[in-house]
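Start from chain A and add chain B according to the hints.
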Amino acid sequence: DARVTQTPRHKVTEMGQEVTMRCQPILGHNTVFWYRQTMMQGLELLAYFRNRAPLDDSGMPKDRFSAEMPDATLATLKIQPSEPRDSAVYFCASGLGVSGNTIYFGEGSWLTVV
Amino acid sequence: QQPVQSPQAVILREGEDAVINCSSSKALYSVHWYRQKHGEAPVFLMILLKGGEQKGHEKISASFNEKKQQSSLYLTASQLSYSGTYFCGTESPNTGNQFYFGTGTSLTVIP
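Protein sequence lines correspond, in order, to chains A and B. Number 25 in the working numbering belongs to position 25 of the first sequence; there are no gaps in the numbering. Whatever position you read off the second sequence (first residue = 1), add 1000 for the working numbering.
The shape of chain A in the complex, shown without the other chains (with noise of 0.2 angstroms):
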């Protein structure tokens, strides 16, 4: 049963300290999401990875935030600092690339900033 696998599930931190959440895509799929799930903006793009490559983290704040994927099996969502107004349920997506296909999403990283 191929998913793709997020970790932590559930993460309370202080603000001020680094938060790294991980993402598995589903085998073959070369395009990840990341997304950020708020009551207030529903789900917002943060970024958009091909091949590996980032081609849009527009919607990333870049002093704290970063996204990498250092192999094609693992894709990073780094918070540094951490403040509360980054609580969230942050999601990852993996999907074929290919357009019209659609997009799985993982079960997502809760992430409470206290």
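A hint or two may mislead.
Coverage of chain A stretches by chain B, computed from C-beta distances (three or more under 8 angstroms per stretch; other residues unrestricted) [unchecked claim]: (1) 10-16; (2) 32-41; (3) 66-79.
Each computed DSSO-like pair below joins lysine-lysine, with the alpha-carbon atoms no more than 30 angstroms apart [unchecked claim]: (4) 11(A) with 78(A); (5) 78(A) with 1068(B); (6) 78(A) with 62(A); (7) 1037(B) with 11(A); (8) 1026(B) with 62(A); (9) 1026(B) with 1037(B); (10) 1037(B) with 1059(B); (11) 1068(B) with 1026(B); (12) 1067(B) with 1026(B).
Simulated from the structure, these hints should not be mistaken for laboratory data. Think of the CB as a built atom: it goes at the ideal place given N, C-alpha and C, for glycine as much as any other residue.
Frame of chain A; chain B shown alone:
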């Protein structure tokens, strides 16, 4: 680039029908509909690729008007299990599978 959904929320009694609309300011190649239960990830429902295309999934169907850059999701004879938040995801031509999601429509079905 985020599509606009309406209504924001709707409450139905079992057996009633509902329509959720999704509108984009950009030309669309495809529209994807997802449903999200509280505390869970969005789950794919259906994809519409062609203008005017209509697809069905159980008693849930959708249409896509390419010219108007709009899609609608139709839920007929709603069941309690239909409760959740519905998102449309839009993909514009030549963007290589890049998705933007609407703000969601909260649907609550009551007995």
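Comparing the hints with the structure gives:
1. Residues of the region 10-16 of chain A lying with their CB closer than 8 angstroms to a CB of chain B number 0, which falls below the three-residue condition for coverage.
2. Counting residues of the region 32-41 of chain A whose CB lies closer than 8 angstroms to any CB of chain B gives 3, which reaches the minimum of 3, so the coverage claim holds.
3. With 0 residues having a beta carbon nearer than 8 angstroms to a beta carbon of chain B, the region 66-79 of chain A misses the requirement of three or more and the stated coverage is violated.
4. At roughly 13 angstroms between alpha-carbon atoms, residue 11(A) and residue 78(A) fall within 30 angstroms of each other, so this suggested pair holds.
5. Only pairs whose Cα atoms come within 30 angstroms are accepted, and residue 78(A) paired with residue 1068(B) is rejected, the gap being roughly 39 angstroms.
6. For a cut-off of 30 angstroms, the pair hint linking residue 78(A) to residue 62(A) stands: about 11 angstroms separates their Cα positions.
7. Taking the CA atoms of residue 1037(B) and residue 11(A), the gap is near 21 angstroms; set against the 30 angstroms cutoff, the hint holds.
8. Distance check on the hinted pair: residue 1026(B) and residue 62(A) sit about 26 angstroms apart at the alpha-carbon level, within 30 angstroms; holds.
9. A threshold of 30 angstroms between alpha carbons decides the hint, and for residue 1026(B) with residue 1037(B) the separation of about 28 angstroms falls inside it, so the pair holds.
10. For the hint pairing residue 1037(B) with residue 1059(B), the CA-to-CA distance comes to about 18 angstroms; that is within 30 angstroms, so the pair holds.
11. Between the alpha carbons of residue 1068(B) and residue 1026(B) the distance comes to roughly 10 angstroms, so the proposed pair stays at or under 30 angstroms and holds.
12. The suggested pairing of residue 1067(B) with residue 1026(B) holds, with an alpha-carbon distance near 10 angstroms, which does not exceed 30 angstroms.
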